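Trainee: Sequence order for the protein chains is A and B. Under the working numbering, think of the first position of the first sequence as 5, with each following residue one higher. Under the working numbering, think of the first position of the second sequence as 9, with each following residue one higher.
Heads up, a few of these hints could be off.
No farther apart than 20 Å at their CA atoms in a straight line, the calculated lysine to aspartate or glutamate pairs in the EDC-like style are these [to be verified]:
| no. | chain 1 | residue 1 | chain 2 | residue 2 |
| --- | --- | --- | --- | --- |
| 1 | B | LYS12 | B | GLU86 |
| 2 | A | LYS90 | B | GLU77 |
| 3 | A | LYS74 | A | ASP56 |
| 4 | B | LYS69 | B | ASP43 |
| 5 | B | LYS70 | B | ASP46 |
| 6 | A | LYS97 | A | GLU19 |
| 7 | A | LYS21 | B | ASP43 |
| 8 | A | LYS21 | A | ASP87 |
| 9 | A | LYS90 | B | ASP67 |
| 10 | A | LYS6 | B | ASP67 |
| 11 | A | LYS54 | A | ASP106 |
| 12 | B | LYS12 | B | GLU111 |
| 13 | A | LYS97 | B | GLU32 |
| 14 | B | LYS132 | B | ASP46 |
| 15 | A | LYS88 | B | ASP67 |
| 16 | A | LYS21 | B | ASP101 |
| 17 | A | LYS97 | B | ASP101 |
| 18 | A | LYS74 | B | GLU111 |
| 19 | B | LYS132 | B | GLU86 |
| 20 | A | LYS21 | B | GLU26 |
| 21 | A | LYS90 | B | ASP92 |
| 22 | A | LYS54 | B | ASP28 |
| 23 | A | LYS54 | B | GLU32 |
| 24 | A | LYS38 | B | GLU32 |
| 25 | A | LYS88 | B | ASP124 |
| 26 | A | LYS21 | B | ASP46 |
| 27 | A | LYS21 | A | ASP42 |
| 28 | A | LYS90 | B | GLU86 |
| 29 | A | LYS88 | B | GLU32 |
| 30 | B | LYS14 | B | ASP43 |
| 31 | A | LYS54 | B | GLU77 |
| 32 | A | LYS88 | B | ASP46 |
| 33 | A | LYS74 | B | ASP28 |
| 34 | A | LYS6 | B | ASP28 |
| 35 | B | LYS132 | B | ASP104 |
| 36 | A | LYS21 | B | GLU125 |
| 37 | A | LYS6 | B | GLU106 |
| 38 | B | LYS14 | B | GLU77 |
| 39 | A | LYS38 | A | GLU19 |
| 40 | A | LYS39 | A | ASP56 |
If you're looking for bench data, these hints aren't it; they were derived computationally from the structure. Source: prediction; values computed, not measured.
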Amino acid sequence: MKLKSEQHGSVVVIELKGKIMGGPDATLFRDELKKSLDAGVTKVIVDLGKVDWMNSSGLGILIGGLTTVKNAGGEMKLARVTDKIKSLLMITKLVQVFSSYDSVESAIASFSD
Amino acid sequence: MSVKSKLVIPSDPERLVEVDAFAEERIAKLRFTQDQRDDIAISLSEAVNNAILHGNGGDIKKTVTIVLEERSSDLRMEVTDQGDGFAVEEVADPTDPENLLAESGRGLLIIRHLMDEVNVTPGKTGTQVELIKKYSNNT
């Protein structure tokens, strides 16, 4: 997995890329998230548009992020969820847990609603 | 006739990338769609992750053996750990509302959805998980 983050005003967009299969991926994501939260940025968007696939460890990483951000008083949303990940969210019923948006722009806009 | 390939790794989650590359190279030449290839890769990573973390308890001295068998009508994968075995029926339902925010426990549920056949055989010297993906569905 590769990761890139970019701040848009008060919102941070963390773009994930490649295959998310656990192992070192969790540490990479957790560290990036911590950096934003430590800087006081608690509105987080995870852009999944460039993710080839993820397994249950990947879903666990997202849930861990959701809980961490919530505990810091913030909110984490998903953007550009691919069909493959959508089907995993359906199978696991995690579709009930995450707010998802078709584009990064609409996810950013949702924070000002 | 079938073609078998085998890979043995220590119980280190960082070796998952190597397992994925091993499988990807072999699956690329088989007549699966990209979607089916992703299903296979996801399921194999789940089974190997389970073997490393739950089967072998993360003990790096224990190994996980992966066998891929290309058969005429399907791809059969076998993942074997060296743990004490576990009871599949004791795995909590990850879709139960009280487990929804758990960070783990969804591997088997996902495998069962993505594969055509899944057989878990626990044993005193290790658990063997057999995964089968057939060609017939969309190819």
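Trainee: Please go over all the hints and tell whether each is borne out by the structure.
Mentor: Hints versus structure:
1. Under the criterion of a C-alpha separation no larger than 20 Å, the hint pairing B:LYS12 with B:GLU86 is consistent with the structure, at around 11 Å.
2. This hinted pair does not check out: A:LYS90 and B:GLU77 have alpha carbons roughly 30 Å apart, beyond 20 Å.
3. With a C-alpha separation of about 27 Å, the suggested pairing of A:LYS74 with A:ASP56 is violated against the 20 Å cut-off.
4. As the CA atoms of B:LYS69 and B:ASP43 are separated by approximately 35 Å, the hinted pair breaks the 20 Å bound.
5. Between B:LYS70 and B:ASP46, the direct Cα distance comes to roughly 28 Å. Violation of the 20 Å bound is thereby established for this hinted pair.
6. With a C-alpha separation of about 23 Å, the suggested pairing of A:LYS97 with A:GLU19 is violated against the 20 Å cut-off.
7. Note on A:LYS21 and B:ASP43: the hinted pairing holds, with a Cα-Cα distance of about 18 Å set against a maximum of 20 Å.
8. Distance hint between A:LYS21 and A:ASP87 is fulfilled; the C-alpha atoms sit about 15 Å from each other, no more than 20 Å.
9. The straight-line distance between the Cα atoms of A:LYS90 and B:ASP67 is roughly 34 Å, outside the 20 Å bound, and the hint therefore fails.
10. Note on A:LYS6 and B:ASP67: the hinted pairing is violated, with a Cα-Cα distance of about 27 Å set against a maximum of 20 Å.
11. Between A:LYS54 and A:ASP106, the direct Cα distance comes to roughly 13 Å. Compliance with the 20 Å bound is thereby established for this hinted pair.
12. Of the supplied pair hints, the one linking B:LYS12 and B:GLU111 is violated, its CA atoms being roughly 34 Å apart against a limit of 20 Å.
13. For the hint pairing A:LYS97 with B:GLU32, the CA-to-CA distance comes to about 28 Å; that exceeds 20 Å, so the pair is violated.
14. At most 20 Å may separate the alpha-carbon atoms for a hinted pair to count; B:LYS132 and B:ASP46 exceed this at roughly 32 Å.
15. Between the alpha carbons of A:LYS88 and B:ASP67 the distance comes to roughly 32 Å, so the proposed pair goes past 20 Å and is violated.
16. Taken as a hint, the A:LYS21 and B:ASP101 pair is broken in the structure, with Cα atoms around 30 Å apart against an allowance of 20 Å.
17. Restraint check for A:LYS97 and B:ASP101: satisfied, since their Cα atoms lie roughly 11 Å apart, inside the 20 Å limit.
18. For a cut-off of 20 Å, the pair hint linking A:LYS74 to B:GLU111 stands: about 15 Å separates their Cα positions.
19. The hinted pair formed by B:LYS132 and B:GLU86 meets the criterion: a straight-line CA distance of about 17 Å does not exceed 20 Å.
20. A C-alpha spacing of about 18 Å is found between A:LYS21 and B:GLU26, which places the hinted pair at or below 20 Å, so the restraint holds.
21. Pair hint A:LYS90 plus B:ASP92 does not hold up; C-alpha atoms about 35 Å apart against a cutoff of 20 Å.
22. Proposed proximity of A:LYS54 and B:ASP28 is supported: the alpha carbons are some 18 Å apart, at most 20 Å.
23. Of the pairs offered as hints, the one joining A:LYS54 and B:GLU32 holds, with about 19 Å between alpha carbons and a cut-off of 20 Å not exceeded.
24. Taking the CA atoms of A:LYS38 and B:GLU32, the gap is about 33 Å. The hint is violated against a cut of 20 Å.
25. In summary, the hint linking A:LYS88 to B:ASP124 is supported, as the alpha carbons are separated by about 17 Å, within the 20 Å threshold.
26. A distance of roughly 15 Å separates the Cα atoms of A:LYS21 and B:ASP46; the hinted pair therefore holds under the 20 Å criterion.
27. Between the alpha carbons of A:LYS21 and A:ASP42 the distance comes to roughly 24 Å, so the proposed pair goes past 20 Å and is violated.
28. Restraint check: the Cα-Cα separation between A:LYS90 and B:GLU86 comes to about 27 Å, which exceeds 20 Å; the hinted pair is violated.
29. Distance check on the hinted pair: A:LYS88 and B:GLU32 sit about 17 Å apart at the alpha-carbon level, within 20 Å; holds.
30. With a C-alpha separation of about 24 Å, the suggested pairing of B:LYS14 with B:ASP43 is violated against the 20 Å cut-off.
31. Between A:LYS54 and B:GLU77 the CA atoms are separated by roughly 31 Å; this puts the pair beyond 20 Å, and the hint is violated.
32. Proposed proximity of A:LYS88 and B:ASP46 is supported: the alpha carbons are some 8 Å apart, at most 20 Å.
33. Between the alpha carbons of A:LYS74 and B:ASP28 the distance comes to roughly 33 Å, so the proposed pair goes past 20 Å and is violated.
34. A threshold of 20 Å between alpha carbons decides the hint, and for A:LYS6 with B:ASP28 the separation of about 16 Å falls inside it, so the pair holds.
35. Using a Cα cut-off of 20 Å, the hinted pair B:LYS132 and B:ASP104 is violated, with the two alpha carbons roughly 30 Å apart.
36. Distance restraint check for A:LYS21 and B:GLU125: the Cα-Cα separation of roughly 30 Å exceeds the 20 Å cut-off, and the hinted pair is therefore not satisfied.
37. Of the supplied pair hints, the one linking A:LYS6 and B:GLU106 is violated, its CA atoms being roughly 32 Å apart against a limit of 20 Å.
38. At roughly 9 Å between alpha-carbon atoms, B:LYS14 and B:GLU77 fall within 20 Å of each other, so this suggested pair holds.
39. Taking the CA atoms of A:LYS38 and A:GLU19, the gap is about 15 Å. The hint holds against a cut of 20 Å.
40. For the proposed pair A:LYS39 and A:ASP56, the alpha carbon gap of about 25 Å is over 20 Å, so the pair is violated.
Checked against the numbered hints above, the structure breaks hints 2, 3, 4, 5, 6, 9, 10, 12, 13, 14, 15, 16, 21, 24, 27, 28, 30, 31, 33, 35, 36, 37, 40 and satisfies the rest.
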